[in-house]
Amino acid sequence: MKTAGKRSDGKGWKKVLIHIGLSGIVLTTVLPFIWMVLASFKPMSEIENLNPVPSRWHPENYPAVFEQIRFARYYVNSFFVACWVTFLQLMTSAMAAYSFSRIEWRGRDAVFKLYLATMMIPGVVTMIPNYALMVKMGLLDSYAGLIIPAAFSAFGTFLLRQFMLGIPTALDEAAKIDGASHWQIFWNVCMPMARPGLITLGVFTFLYNYQSFFWPLIMIKSDHLRTLPVGMLYFDGAYGKQTNVLMAASLMCIAPLIILFVAAQKFIVKGIQMGGVKG
Amino acid sequence: MKNSRRKHRDIWAGLAFIAPNFLGFMLFLLVPVIFSLVMSFSNWNLMKEVSFQWVGFRNFFDLFHDREFWLYSINTVYLMLGIPVCIALSLFLANLLSKQLRGIVVYRTLFYLPTFTAGVALFVLWKSLYNPEYGPINAAIRWLLERAGTAHVELPSWLSSAKNLLGLHPEQIMIGVREFFGLGAREAIIIMGIWVAAGGTNMLLYIAAISNIPPDLYEAAEIDGAGSWAQFRHITWPQLAPTTFFIVIMGFIGGLQGGFEQARVLTAGGPAGTTTTLSYYIYIKAFEEFQMGYASAIAWVLFAVIFAITLVNWTFGSRKIN
Chain G
69 MKTAGKRSDG KGWKKVLIHI GLSGIVLTTV LPFIWMVLAS FKPMSEIENL NPVPSRWHPE
129 NYPAVFEQIR FARYYVNSFF VACWVTFLQL MTSAMAAYSF SRIEWRGRDA VFKLYLATMM
189 IPGVVTMIPN YALMVKMGLL DSYAGLIIPA AFSAFGTFLL RQFMLGIPTA LDEAAKIDGA
249 SHWQIFWNVC MPMARPGLIT LGVFTFLYNY QSFFWPLIMI KSDHLRTLPV GMLYFDGAYG
309 KQTNVLMAAS LMCIAPLIIL FVAAQKFIVK GIQMGGVKG
Chain L
2 MKNSRRKHRD IWAGLAFIAP NFLGFMLFLL VPVIFSLVMS FSNWNLMKEV SFQWVGFRNF
62 FDLFHDREFW LYSINTVYLM LGIPVCIALS LFLANLLSKQ LRGIVVYRTL FYLPTFTAGV
122 ALFVLWKSLY NPEYGPINAA IRWLLERAGT AHVELPSWLS SAKNLLGLHP EQIMIGVREF
182 FGLGAREAII IMGIWVAAGG TNMLLYIAAI SNIPPDLYEA AEIDGAGSWA QFRHITWPQL
242 APTTFFIVIM GFIGGLQGGF EQARVLTAGG PAGTTTTLSY YIYIKAFEEF QMGYASAIAW
302 VLFAVIFAIT LVNWTFGSRK IN
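As they're listed, the protein sequences go chains G and L. For what it's worth, the numbering used here labels the leading residue of the first sequence as 69, then goes sequentially. For what it's worth, the numbering used here labels the leading residue of the second sequence as 2, then goes sequentially.
Hints in this document: simulated from the structure, not taken from any laboratory. Note that the Cβ used here is the ideal one computed from N, Cα and C, for glycine as well. Be a bit skeptical, because a hint or two may be false.
Calculated cross-link-like contacts (lysine-lysine; reagent style DSS-like; alpha-carbon spacing at most 30 Å) [as the list claims (entries may be wrong)]:
#1 G:Lys-338 x G:Lys-181
#2 L:Lys-100 x G:Lys-338
#3 L:Lys-100 x G:Lys-82
Derived list of chain G stretches under chain L, where covered just means 3 residues or more per stretch with a C-beta under 8 Å from a C-beta of chain L [claimed, not checked]:
#4 114-124
#5 131-139
#6 156-166
#7 207-214
#8 226-240
#9 255-262
#10 280-286
Generate coordinates for the entire structure from the input sequences, incorporating the hints supplied.
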């Protein structure tokens, strides 16, 4: 951006024109969200009213969500699963990345190439055998069935390896001379240095698993184990006519993401521009 | 001596560090991929009544004659028509955001918001937006038509309509059947997709790529008196070629395996199967009809196409960048 800044960008009126254009596009981007907020405060009698602004503000839609479906339970499930997956994926990926970037062992590069080669395999190919595996292991309809298969990621390993390659080795060399074990170097030297990479991967892993739909849809049969996306699907199916309550629920689903996004913006943008993050 | 002992220890450390990840990698990725290829040559069915049999290439042969497979392939490609529009918009926005302006970060944040929050909850929102009677989209169209004095035009019924801009008949697929010309469920999903993705990942990639263009190229062009369109056409666009290539390839790969989530929430694949994509078809075959062998065969056909595109990426992509 700095280099582009050196270009002269024409006269003042041109800038104003660009601002007007950008504001117009921002409006198109934001209007659906605004409509959602307004609709979530409408009383039942005004759902069919074309005026998006409720004549009487009706916050009762929010508690209604928790009364009609086990929304609190879905919330807890989503967070529980997404947090566990994020933690496990960060650990397994960081350890593997350390092995790929910091330790020399025979066959390392061949294994890494194998990891790279699998990154283009579509999810639907592995989904079917994995489902059968979960059935065999008796993990169908359980938290473990949601968490364990997602705890390993070739992509995450790749991203963290790239990141760790950029960390200077001088510190590990010093630690090695002091007699530090690999685990100590990994935990005390490499992990703190890799923090920005870990945060980036962590944010996207959390996001991806919080929003995950296909896998929980086929894995979970019991109502009390449903995550938010699956819960929302059935809520919409059963109560699709109550737009107001539905919008309150949708808004509550994405609220944590908006907070996460604002908090971690810097890492998100960098992460995408660094490695073309999926999703 | 000491060095070789260190090396020996390193091998074990290396393996120990990779072990947890590699175990999961084998169990949930590598073995399943091979397993699914093997099973695509069987009639593997999770229903107990069907006895297991090897069927050779029959699944692939059946697939070739499976009318639904072809219809859903067409749907998949149809829904990918939004990709070029989306990429063009991303490029346009990235260009605007690369100017030195105040508030750039605010714009960028807001543009990225739909991508970051996309999921079932947002699709449920769009389902309401598309409601033909009470939804704000048709309300806006109606309002505009009334201003224009053409109130008699029939409004699109969006998600419940099999109409489409190419006029494709939902069952026969004959281009030119005009009775199906119009806006329907497929356009609804495409428009939503553009709204979600135009200011997303691709825009950020373009912004990063634009900031890497050497500024002296523009300075030289300005001295030659090139206007902003000429600068874009002769400097920005060619300089962005590798990025565009990458984005197009990724869009293809994503589009070919996409569409399930949107269609499951918005239309359940309908009306008349017009929004059922290949990934949705795999879902139906595998997890509703439990024909795992047949579903594996579809997945592998999809994989083969994606692999071919990846090969194109490797051969042409590296040449272009060099």
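So which of those numbered hints doesn't the model satisfy? 5, 7, 8, 9
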